[in-house]
Amino acid sequence: NAGVTQTPKFQVLKTGQSMTLQCAQDMNHNSMYWYRQDPGMGLRLIYYSASEGTTDKGEVPNGYNVSRLNKREFSLRLESAAPSQTSVYFCASSLIGDGYTFGSGTRLTVV
Amino acid sequence: GESVGLHLPTLSVQEGDNSIINCAYSNSASDYFIWYKQESGKGPQFIIDIRSNMDKRQGQRVTVLLNKTVKHLSLQIAATQPGDSAVYFCAENRRDSGGGADGLTFGKGTHLIIQP
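Protein sequence lines, in the order shown, are assigned to chains A and B.
Under the numbering used here, the first residue of the first sequence is numbered 1, with each subsequent residue one higher.
Under the numbering used here, the first residue of the second sequence is numbered 1, with each subsequent residue one higher.
For reference, chain A alone in the conformation it holds in the complex:
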């Protein structure tokens, strides 16, 4: 019963580098989400996928892209990392918009 699994847990990037954050859920949830959390703040929605094959922008999508690879997996890509993208990233999933489950987060530092 892993729930939502994120990899990697920690990452340091140089400005301009690219990387992909991976997320997988084993609860057969339809919807998946990517959030970022900055110090002393709540989570903000970057992108979401209401169902397999669809993706939509959230509150702060600039600088990111996503791919819903299949029902289980939803990845977040930074094409050219910037220091402003230093944050903790959380992936979440839900069945039909309730019962959200969060991963343990990826701590990303861009130098």
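Derived from the structure by calculation, the hints contain no laboratory data.
Straight-line Cα separation of at most 20 Å, DMTMM-like style, residue types lysine to aspartate or glutamate; simulated pairs:
1. Lys9/A - Glu39/B
2. Lys42/B - Asp38/A
3. Lys57/A - Glu73/A
4. Lys108/B - Asp38/A
5. Lys71/A - Asp102/B
6. Lys9/A - Asp26/A
7. Lys71/B - Asp31/B
8. Lys57/A - Asp102/B
9. Lys71/A - Asp56/A
10. Lys108/B - Glu59/A
Pulled a few chain B residues facing chain A out of the computed Cβ check, cut under 8 Å:
11. Ile34
12. Gly43
13. Pro44
14. Phe46
15. Phe89
16. Asp102
17. Gly103
18. Phe106
19. Gly107
20. Lys108
Just so we're clear, the structure is a prediction, and the values are computed from it rather than from any experiment.
Glycine included, C-beta positions come from ideal geometry on N, C-alpha and C.
Once you have looked at the hints, place chain B on chain A.
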């Protein structure tokens, strides 16, 4: 813009006392609200939720109250314990025009500190 916010950034209570954490929301179209607990270095952990057709819901040591008239949500924790120390977030579930869920909107959080 529409947002979910909290009244107090930090709340300090004595161990054994009851805690009340408040949240104001402004999106009257939200139909589902959740309280999360977040410990340092961890992801948000579900505590309790409530739908907009209810005004109160109880769990184990926790109660959520929803006042739609004034758009106010509160979390009550009974007999607080050291393990309750964490940041607590309220979140509202938005619905898109088709009725699908388009993610949670979080408040900034309240840091609950339990004094021995």
